[in-house]
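Protein sequences, first through last, are from chains A, B, C and D. Take my numbering: the last position of the first sequence gets the number 342, and nothing is skipped along the way. Take my numbering: the last position of the second sequence gets the number 342, and nothing is skipped along the way. Take my numbering: the last position of the third sequence gets the number 342, and nothing is skipped along the way. Take my numbering: the last position of the fourth sequence gets the number 342, and nothing is skipped along the way.
You can take every hint at face value.
Just so you know, same-sequence chains aren't split out, so a pair can sit in one copy or run between any two.
The calculated DSBU-like cross-link candidates involving lysine-lysine, where the alpha carbons are at most 35 Å apart (straight line), are: (1) Lys72 <-> Lys12; (2) Lys283 <-> Lys329; (3) Lys207 <-> Lys12; (4) Lys41 <-> Lys200; (5) Lys41 <-> Lys72; (6) Lys25 <-> Lys12.
Everything labelled a hint here was simulated from the structure, so no lab data went into it.
The residues making up each chain are set out below.
Protein chains: 4
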Amino acid sequence: MIIVMSKDATREQIDNVEKKLSDLGFRTHPIFGEIKTVIGAIGDKRLLNTHAISSMPGVESLVPIMKPFKLAGRELKQVPTIVEVGDVRIGGDEVVVMAGPCAIENEESFIGVAESVKAAGAKILRGGAFKPRTSPYAFQGLEEDGLKIMAAAREATGLKIVTEVVDTRDVDLIASYADIIQIGARNMQNFRLLKEVGATQKPVLLKRGLAATIEEWLMAAEYIMAEGNSGIILCERGIRTYETATRNTIDLSAIPVTKELSHLPIVVDPSHAAGTWKYVSALSRGAIATGADGLIIEVHHDPGAALCDGPQSLRPSKFSQLIKELQPVAEAVGRIL
Amino acid sequence: MIIVMSKDATREQIDNVEKKLSDLGFRTHPIFGEIKTVIGAIGDKRLLNTHAISSMPGVESLVPIMKPFKLAGRELKQVPTIVEVGDVRIGGDEVVVMAGPCAIENEESFIGVAESVKAAGAKILRGGAFKPRTSPYAFQGLEEDGLKIMAAAREATGLKIVTEVVDTRDVDLIASYADIIQIGARNMQNFRLLKEVGATQKPVLLKRGLAATIEEWLMAAEYIMAEGNSGIILCERGIRTYETATRNTIDLSAIPVTKELSHLPIVVDPSHAAGTWKYVSALSRGAIATGADGLIIEVHHDPGAALCDGPQSLRPSKFSQLIKELQPVAEAVGRIL
Amino acid sequence: MIIVMSKDATREQIDNVEKKLSDLGFRTHPIFGEIKTVIGAIGDKRLLNTHAISSMPGVESLVPIMKPFKLAGRELKQVPTIVEVGDVRIGGDEVVVMAGPCAIENEESFIGVAESVKAAGAKILRGGAFKPRTSPYAFQGLEEDGLKIMAAAREATGLKIVTEVVDTRDVDLIASYADIIQIGARNMQNFRLLKEVGATQKPVLLKRGLAATIEEWLMAAEYIMAEGNSGIILCERGIRTYETATRNTIDLSAIPVTKELSHLPIVVDPSHAAGTWKYVSALSRGAIATGADGLIIEVHHDPGAALCDGPQSLRPSKFSQLIKELQPVAEAVGRIL
Amino acid sequence: MIIVMSKDATREQIDNVEKKLSDLGFRTHPIFGEIKTVIGAIGDKRLLNTHAISSMPGVESLVPIMKPFKLAGRELKQVPTIVEVGDVRIGGDEVVVMAGPCAIENEESFIGVAESVKAAGAKILRGGAFKPRTSPYAFQGLEEDGLKIMAAAREATGLKIVTEVVDTRDVDLIASYADIIQIGARNMQNFRLLKEVGATQKPVLLKRGLAATIEEWLMAAEYIMAEGNSGIILCERGIRTYETATRNTIDLSAIPVTKELSHLPIVVDPSHAAGTWKYVSALSRGAIATGADGLIIEVHHDPGAALCDGPQSLRPSKFSQLIKELQPVAEAVGRIL
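Can you build the whole structure from these sequences, using the hints too?
The structure is reproduced here in structure tokens:
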């Protein structure tokens with residue numbers, strides 16, 4: 006850590022900061038510049054709350070040298086993590102596709118979609134039973150009935166299932182059905198939920214928050230990992246920017262950035278990023294070529310009648326065609342799909 | 006609602022959309038332009054899920070004419086809401102100041118700060134017992150012990166107390182202590198939590214999400230109000246932008262905007278917006294002059310030793326001086342402080 | 006155009022707005038809703054200033070139905086534009102690569118880089134002679150001497166050359182040397198410069214502004230096209246967002262969006278977007294797979310000694326290897342490179 | 006400057022960086038941490054291009070300790086700058102109001118507005134003769150005829166005049182008429198224009214770019230000051246964010262931030278920030294209370310007929326009433342208006 010003192014800092018203030026750092030277990034190393042003094046503080050104290058130093062008199066700013074995440078970072082674990090969900094491996098050579106509707110609406114149509122996406126090549130089935138909706142008047146999901154339908158679809162198709170949890174009180178219930186538990190964008194910093202999901206030891210699909218930095222996202226992963234659960238799949242789903250031509254702005258540079266900072270696998274959700282099915286194909290190709298370990302795509306048997314996110318859902322036939330387009334792209338970057 | 010059809014939409018597609026709208030209870034009104042057709046759909050159907058129309062073939066976009074919030078909006082309730090917390094009225098002539106430390110650390114110092122802020126003119130005491138922290142290794146709050154300390158401080162000073170809830174499982178506990186329940190920025194779209202807090206019928210301080218639009222914020226209020234709880238105090242606390250000179254960018258235009266769209270009172274948190282105590286005074290003056298109904302300010306007896314948010318906390322003496330600066334500003338805009 | 010009247014609008018105000026629209030040549034079509042009235046105004050009047058209507062009494066908002074760009078849009082010209090620069094065609098089957106250093110520093114090294122990038126497969130040579138730099142104390146370019154060096158490099162290699170113009174006074178000079186004139190991100194809304202560059206009738210590489218919407222970008226193209234110059238190549242180079250892990254956030258969804266709205270070709274600049282050479286390879290793959298018509302990449306013979314943008318420049322050997330990686334990706338999406 | 010080496014940096018790489026720093030005139034000071042090495046480089050070398058170091062092998066990042074601006078910063082000039090425009094002083098005790106229409110449309114109405122705003126208390130008259138418009142089909146200003154009308158209005162009222170320059174070729178012409186030359190938001194990084202305007206030695210109103218950081222804005226001021234012109238008035242006019250409820254998001258925290266970093270005065274433009282006249286009053290009050298040295302407000306005799314920015318313009322009567330509201334606010338913060 007580097008502490009930058011303001012140009013008017015007194016010698017006494019500098020000494021006080023050094024003393025405090027030393028009390029916290031750091032070795033200190035002041036550098037007296039022409040105008041300002043900076044203090045190097047040696048010691049990896051990420052687990053320590055050193056924030057208070059920044060409010061000591063004479064301190065201008067703090068510059069951390071180490072990343073704040075330990076477990077999620079590359080520094081202690083160089084080798085990429087492969088998350089295993091039964092025989093499906095996320096983060097290996099294969100690009101894994103997850104697909105399904107936004108919300109589960111009824112058993113018949115859900116199993117129909119499940120069969121279609123399986124036939125097309127998806128390995129994991131997505132579907133929402135508990136839906137976080139912007140409006141209290143919108144459809145909120147079938148809740149446990151939805152989970153039962155998901156289980157039936159798994160039975161019928163052999164696909165693994167991923168579904169979202171939105172309340173700490175539902176974690177056990179959802180964990181008893183799902184193969185992968187999803188933390189949605191709006192709950193990325195619902196720290197209590199992260200802890201509870203961490204405690205289940207189930208694989209977690211961790212969506213990036215609507216306006217979360219990559220560092221905050223990896224700190225959310227750190228919350229889950231601090232509970233002993235390292236089966237985390239990051240999911241980029243677009244961030245909020247000033248641009249309104251798409252619902253969110255897909256940040257594909259998050260792929261090489263997280264690959265550099267972290268050992269965790271990353272998948273991309275082009276459906277939520279775009280907000281319209283029309284761009285899903287182009288963004289899916291881009292995500293795979295950039296290096297994504299998988300995709301999660303909304304597919305609905307009749308988007309015009311969907312209770313949720315119809316405009317961004319593909320019909321099964323389009324989805325099947327998309328997978329065929331994606332296979333050569335995966336191959337071109339040395340992956341299998 | 007206006008439905009814009011794409012320029013290649015066929016007559017049949019236009020007819021299908023009209024039929025669907027009609028089935029949903031709208032009266033329709035197509036306008037055939039030179040290049041595109043638009044369909045006016047008459048009927049206030051905000052409580053209806055009309056989203057699916059946007060994925061019908063030939064539809065380019067949907068333009069809502071009515072705001073999506075009913076209870077939180079000005080359309081059904083013109084007169085401003087005054088939230089009463091005992092004898093403290095938020096949204097009336099008085100500018101109400103809430104103050105206290107980020108986290109409750111121990112009884113002695115907390116009651117000390119409580120007495121200071123009361124002497125300076127604050128009416129409500131803030132303090133965190135359950136803290137949402139970016140790092141799992143940071144201090145997470147004293148939990149129920151913290152609530153007990155808050156209650157003791159209320160006893161000692163007569164101040165009302167406001168504290169944050171971060172988990173649906175804690176709502177009843179917190180409601181049994183707090184005078185106002187705070188929903189933090191990170192939980193603004195934790196819809197389950199909003200519902201539970203709505204059900205308590207206690208006044209709620211609803212912070213704006215880190216990157217929430219004003220419309221989403223009012224929809225969060227709508228969630229609480231849909232449970233029959235109308236005692237909502239909006240709280241602007243800075244939004245996330247590209248600018249890093251301040252921790253967040255305070256959006257004071259949110260004051261006139263929410264006053265136009267909604268009847269709910271709004272207070273401003275300059276401490277979290279700025280991220281440094283140095284700008285708290287200027288932003289507090291600006292907030293009151295712009296029309297805020299109150300302020301919530303972090304005050305700590307020794308910011309350099311604070312377990313949380315030290316850099317943005319004022320010492321009690323500075324806080325007392327600030328209130329003196331604010332009184333003429335409040336008066337200049339016809340308010341009392 | 007749809008005019009939304011406020012719910013308190015009087016009948017007289019509605020009539021006034023209708024009359025004004027009618028005076029401007031629109032046919033009007035009022036729709037009286039339960040709470041609000043909207044007025045449909047038929048007629049494609051994009052070339053008309055209808056903005057003033059939004060400040061008439063009783064008007065709440067204006068909803069344009071047609072896009073504001075005519076020449077740059079798809080509505081009047083469905084077939085994609087191919088920009089021809091000698092025998093290089095941008096927007097056709099081939100993915101065209103432009104490469105070279107940020108700034109031209111001296112003839113020897115520039116020609117050396119030119120030869121390397123040509124050998125690797127680039128078709129167009131980039132290099133800055135007039136540099137817009139954030140600091141007045143940074144190297145500002147060799148000016149006309151730089152242009153002469155570019156011309157010599159073209160002579161030596163047969164590559165076409167692209168270089169930036171930053172001042173209306175230099176347009177003729179630069180047009181006399183360059184094959185493609187570049188408008189940089191900071192000048193995307195320097196409308197006088199756009200007009201002058203339009204008047205040269207030379208191909209233009211139009212970078213997206215740092216925080217420009219896609220609509221504003223296409224309006225900048227419209228300025229150039231309104232001068233009769235339709236040889237425009239759009240260039241996505243990252244936008245400003247809250248995320249600081251990369252210098253800018255590359256917006257690859259701009260590719261399908263501009264392809265839908267416009268007939269103009271689009272290339273991607275991964276170097277400026279990332280701000281570091283480390284992510285250039287991944288983002289280049291992603292751009293091509295998403296559908297970019299080309300790339301513009303910074304290459305320097307010795308990045309550690311570069312006078313400008315060293316950190317984001319590739320060495321010639323890395324560039325050559327990158328092109329080899331990109332070829333199968335281009336093929337996978339049906340393109341040649 | 007602090008150079009952070011990556012954790013895999015070799016001893017040789019560290020030595021190379023030290024040597025390069027030493028060649029550039031820095032004294033170096035390596036600190037060997039447990040995991041990473043950082044190198045302190047002593048010497049105020051802001052005028053030097055040290056950027057290249059960041060692309061040397063083994064270097065992870067550079068942390069500047071000194072701000073990049075010298076002339077615009079507080080470090081070399083502590084005392085606030087007061088810009089004198091005849092007998093009007095900007096940056097002193099008085100809050101100075103500039104007012105007038107977006108564009109000059111004809112002499113009669115412009116002089117009418119000038120007389121009204123003077124009577125209300127404005128000291129400076131604004132008006133556009135050269136207009137940067139998003140659409141090439143929108144009214145672009147009366148050009149020199151507009152300047153002549155401005156001069157006539159100055160003659161008639163005694164007000165000082167401020168008007169925008171958008172092209173280096175017009176600088177001398179505009180300087181021959183204007184008392185203050187305005188650099189608009191879109192040209193804040195038109196560096197050639199900054200230099201030319203600097204050379205005129207006339208006072209400059211420097212608007213913040215649409216998405217400019219405060220640091221970039223002060224670097225733009227530095228460009229002007231590097232030409233020997235220190236009469237710069239900063240102007241906050243709203244920044245681009247994800248929020249669309251206002252045209253831009255007014256960043257009032259820019260007031261205390263620039264006051265801390267710089268000695269230059271700052272005024273606020275609530276009209277462009279809000280995009281609607283309805284919020285101008287609230288934001289003007291907020292700006293003054295936060296500490297602005299002045300305001301620049303759009304006033305038009307008939308907003309519904311304005312050729313430019315009608316929706317955000319006040320009628321003269323509203324403007325006059327606004328000034329009366331602002332006077333007690335200015336007084337409350339120890340200023341005169």
